[in-house]
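Protein chains: 2
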Amino acid sequence: MADTFVVIGGDAAGMSAASKAKRENPDLKVIVLEKGEWVSYAACGMPYYVKGEVGSLNDLVTITAEEFRDERDVDLRTGHEVVDIDPEVETITVDSGGETYEQPYDDLLVATGASAIEPPFDGVGLEGVFTIHDMDEADAIEEYVTDRDLETAAIVGGGYVGIEMAEALSAHGITVHLYEMLPHVLQPFGETVAEVVEAHLREQDVELHLETAVSGFEGAERVDGVRLDDEVVPADIAIVGVGVAPNVELAETAGIDLGPTGAVATDEYGRTNYENVYAAGDCAEARNVVTGEPDHVPLALTANRAGRAIGETVTGSPTPIGDIAGTAIVKAFELGAARTGIVDEEQAREAGFDPVSVTISAQTRAHYYPDGAELTVTLLADRETGALLGGSVVGREGAKRIDTVATALHASMNVTELQNADLAYAPPFSPVWDPILTAAKVLGGKLER
Amino acid sequence: MADTFVVIGGDAAGMSAASKAKRENPDLKVIVLEKGEWVSYAACGMPYYVKGEVGSLNDLVTITAEEFRDERDVDLRTGHEVVDIDPEVETITVDSGGETYEQPYDDLLVATGASAIEPPFDGVGLEGVFTIHDMDEADAIEEYVTDRDLETAAIVGGGYVGIEMAEALSAHGITVHLYEMLPHVLQPFGETVAEVVEAHLREQDVELHLETAVSGFEGAERVDGVRLDDEVVPADIAIVGVGVAPNVELAETAGIDLGPTGAVATDEYGRTNYENVYAAGDCAEARNVVTGEPDHVPLALTANRAGRAIGETVTGSPTPIGDIAGTAIVKAFELGAARTGIVDEEQAREAGFDPVSVTISAQTRAHYYPDGAELTVTLLADRETGALLGGSVVGREGAKRIDTVATALHASMNVTELQNADLAYAPPFSPVWDPILTAAKVLGGKLER
Numbered sequence: 001m002a003d004t005f006v007v008i009g010g011d012a013a014g015m016s017a018a019s020k021a022k023r024e025n026p027d028l029k030v031i032v033l034e035k036g037e038w039v040s041y042a043a044c045g046m047p048y049y050v051k052g053e054v055g056s057l058n059d060l061v062t063i064t065a066e067e068f069r070d071e072r073d074v075d076l077r078t079g080h081e082v083v084d085i086d087p088e089v090e091t092i093t094v095d096s097g098g099e100t101y102e103q104p105y106d107d108l109l110v111a112t113g114a115s116a117i118e119p120p121f122d123g124v125g126l127e128g129v130f131t132i133h134d135m136d137e138a139d140a141i142e143e144y145v146t147d148r149d150l151e152t153a154a155i156v157g158g159g160y161v162g163i164e165m166a167e168a169l170s171a172h173g174i175t176v177h178l179y180e181m182l183p184h185v186l187q188p189f190g191e192t193v194a195e196v197v198e199a200h201l202r203e204q205d206v207e208l209h210l211e212t213a214v215s216g217f218e219g220a221e222r223v224d225g226v227r228l229d230d231e232v233v234p235a236d237i238a239i240v241g242v243g244v245a246p247n248v249e250l251a252e253t254a255g256i257d258l259g260p261t262g263a264v265a266t267d268e269y270g271r272t273n274y275e276n277v278y279a280a281g282d283c284a285e286a287r288n289v290v291t292g293e294p295d296h297v298p299l300a301l302t303a304n305r306a307g308r309a310i311g312e313t314v315t316g317s318p319t320p321i322g323d324i325a326g327t328a329i330v331k332a333f334e335l336g337a338a339r340t341g342i343v344d345e346e347q348a349r350e351a352g353f354d355p356v357s358v359t360i361s362a363q364t365r366a367h368y369y370p371d372g373a374e375l376t377v378t379l380l381a382d383r384e385t386g387a388l389l390g391g392s393v394v395g396r397e398g399a400k401r402i403d404t405v406a407t408a409l410h411a412s413m414n415v416t417e418l419q420n421a422d423l424a425y426a427p428p429f430s431p432v433w434d435p436i437l438t439a440a441k442v443l444g445g446k447l448e449r
Numbered sequence: 001m002a003d004t005f006v007v008i009g010g011d012a013a014g015m016s017a018a019s020k021a022k023r024e025n026p027d028l029k030v031i032v033l034e035k036g037e038w039v040s041y042a043a044c045g046m047p048y049y050v051k052g053e054v055g056s057l058n059d060l061v062t063i064t065a066e067e068f069r070d071e072r073d074v075d076l077r078t079g080h081e082v083v084d085i086d087p088e089v090e091t092i093t094v095d096s097g098g099e100t101y102e103q104p105y106d107d108l109l110v111a112t113g114a115s116a117i118e119p120p121f122d123g124v125g126l127e128g129v130f131t132i133h134d135m136d137e138a139d140a141i142e143e144y145v146t147d148r149d150l151e152t153a154a155i156v157g158g159g160y161v162g163i164e165m166a167e168a169l170s171a172h173g174i175t176v177h178l179y180e181m182l183p184h185v186l187q188p189f190g191e192t193v194a195e196v197v198e199a200h201l202r203e204q205d206v207e208l209h210l211e212t213a214v215s216g217f218e219g220a221e222r223v224d225g226v227r228l229d230d231e232v233v234p235a236d237i238a239i240v241g242v243g244v245a246p247n248v249e250l251a252e253t254a255g256i257d258l259g260p261t262g263a264v265a266t267d268e269y270g271r272t273n274y275e276n277v278y279a280a281g282d283c284a285e286a287r288n289v290v291t292g293e294p295d296h297v298p299l300a301l302t303a304n305r306a307g308r309a310i311g312e313t314v315t316g317s318p319t320p321i322g323d324i325a326g327t328a329i330v331k332a333f334e335l336g337a338a339r340t341g342i343v344d345e346e347q348a349r350e351a352g353f354d355p356v357s358v359t360i361s362a363q364t365r366a367h368y369y370p371d372g373a374e375l376t377v378t379l380l381a382d383r384e385t386g387a388l389l390g391g392s393v394v395g396r397e398g399a400k401r402i403d404t405v406a407t408a409l410h411a412s413m414n415v416t417e418l419q420n421a422d423l424a425y426a427p428p429f430s431p432v433w434d435p436i437l438t439a440a441k442v443l444g445g446k447l448e449r
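Protein sequence lines, in the order shown, are assigned to chains G and W.
In this text, residue positions in the first sequence follow full-length UniProt numbering: the first is 1, and each later residue adds one.
In this text, residue positions in the second sequence follow full-length UniProt numbering: the first is 1, and each later residue adds one.
Hint data in this document are derived by calculation from the structure and do not stem from the laboratory.
A couple of the hints might just be wrong.
Facing chain W, from chain G, some residues (calculated, C-beta under 8 Å) [claimed, not checked]:
| # | residue |
| --- | --- |
| 1 | Tyr101 |
| 2 | Tyr144 |
| 3 | Ile360 |
| 4 | Gln363 |
| 5 | Tyr368 |
Covered by chain W, per the in silico footprint, the following chain G stretches (three or more residues, Cβ under 8 Å) [stated by the list, open to error]:
| # | segment |
| --- | --- |
| 6 | 41-55 |
| 7 | 176-185 |
| 8 | 211-224 |
| 9 | 296-307 |
In this text, all values refer to a predicted model and were calculated from it rather than measured experimentally.
From the three backbone atoms N, C-alpha and C, an ideal C-beta is built for every residue, glycine too.
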């Protein structure tokens, strides 16, 4: 009898693993259990659907359920929720909308994702209060925005989602108030990026409330205000985007170990403490290439890559899931902001480094060439070894240049090596010294002192 | 008495070295001999001046002669041509417009640059026939184009200069005929890039004549035609851009060794066969990071970097000039094309590798996000070791992604390592798998077989 590979969760990690496994071994029985109806969708595209730049939610689906079933021969069961894992007996229990059944597996992948954190605010149940945790919610927001004549919005949380939704709602002519408890937005991007983004948000008429805690929402049936410490600010719609938490209950209950970050602990092949149980995607940890420690960065590429690697491993070609650098990029209206590795000195010290950092601003094109923009680059290195630790960039163009820094981190380059990289120059594309090189040059000088 | 550092040539390498040396050791006497009047100018910007996108030739000057003299305290002598080097006596002979004098040195930098090759065509002396070898020539072209009502242009050579000048002249409403002897334009970029660029040039109404040799120019005083094998094609202006050759006569005559490429041979510090004589920039070789062999890639970053390093070395901090990857990028109308390392299989075999290559096309942004473009990526690796050898990209946006490949080459990454790099993803900037990653993934699969 053919082996059975069971996957819990039908999004990036799960479907990548299922597809890859089936492609590598067509005889393998591959079953995917997805509790919802949407599979393999680009959650990152939801703000652009709300903004009106993506015609249909279906456009966000990379591969449809039908394609998985008919073309890839994956036994994809939507509306099937896994309610229990028994790793000793190697069986899961599935609830298919009322009826439950047991499903044995030879290999199991836990790809249960993450969920938007719902803070215990008063009034989160009011109509017009949303998180942006799935496709149906994105649909509901879009409907709420287009059906009504909304004047003001409250966005709670200045992370990716908050900033992308600020752009989306502003595009509908809504006055956006953005509330962030911390002193800065985009906390993982560091202060220099945050300050550039904050100035730009204000330019775009976003009302920015930093170090401001929201305690609840007001309204009869529908939200009409957001409650702060000492006042209530009117709001016709509220979006809560205060982060995500890995969906680990199922795994934890089954005795699958969690790691220090609270996500499922995995080894370099994505294996949990059970030999034939893997975890990948937003519910799982991966190793940070700079610290060598487990990290939890719930982003799409990590999920896709780990899923794909596990699909190879379970079909007989052990394939490491790869380290992560925590690389991320976000559009904030006209700006692009990106980060990789460690960008915060405090965090670098906690990881055992003696950080030295520089921030420079440089043009993205030759100074005399039209339409260039200023790019602000921060780089961090360790004083003793000169090893590059991380960096960030922010500007109206050129944010993808973070990839140079991310690649350097994967290669354990030191600052001198990065400084000597032969990057591409021509006036329409870069100054002679690319801004990344200029930053490395200045950092190199600082390390010598 | 203070030491004397003499620099021959006042452009990228020379002025970088002079400035850096003076900054590191203000007591050093730094003399720069420049035979022309322009110093530290961006030759790469000249086509954009002709096109009309740069207001004044002075905008192309990074730092003026006055700034070098007054602010940086460099003894910059324009209009002074070095006619002889005596490395045994450590003296040069300078012609300052009729009068000659001897100038002793402690350290000497030969930064004599490169010159546009002038093919022995009939009629190259006709009015309206130009190379684009210096600022005065760029000025003359611009004047010729704006003062006259030109209908057709002949551009001889499909390299950077030819393609950039095709764009510049087309912008003036001139019908451009581009003549290339080889089967493809942009030879160092490889065939896949060339084919995309050629299709685009034709879309832009450039008349492309591949495998077509020009034998001369016709006309009474002014050029009015270009002579091919069997016909004469009308041309109101002709630009010859068939490559550059390093200016090595001065060095060669003085007994300074040339390398296998015909440029001045140097060690990792930019030293020639004379301990205290350096060479840098377009006249000198540098080591190719992929082959480990001497290479001659006369581009601005290499010159700047080597000059700067030599400025440090002569002031007591020996600093390697850095390897080159041969990274280059060029704008061809709406396209960007870039290359790094080895992109040609034949060339890879000559360097002792067993090349495997892939070419893929992928979107620069998420498939559902507006305004993305197709990027065609070629990657080469060595079959036995999996080592990355080089690559190219071409598309309407995203050509700077070549920097990821260049960085990977400097880090001696193999294809699997590149494939696992955590590059930045968000819908407005990239698909989940950046096109570079997709190419690495496909190449990785091909290497496994």
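So, going through the hints one by one against the coordinates:
no.	hint	result
1	Tyr101	violated, 33 Å
2	Tyr144	violated, 21 Å
3	Ile360	violated, 16 Å
4	Gln363	violated, 12 Å
5	Tyr368	holds, 4 Å
6	41-55	holds (count 6)
7	176-185	violated (count 0)
8	211-224	violated (count 0)
9	296-307	holds (count 6)
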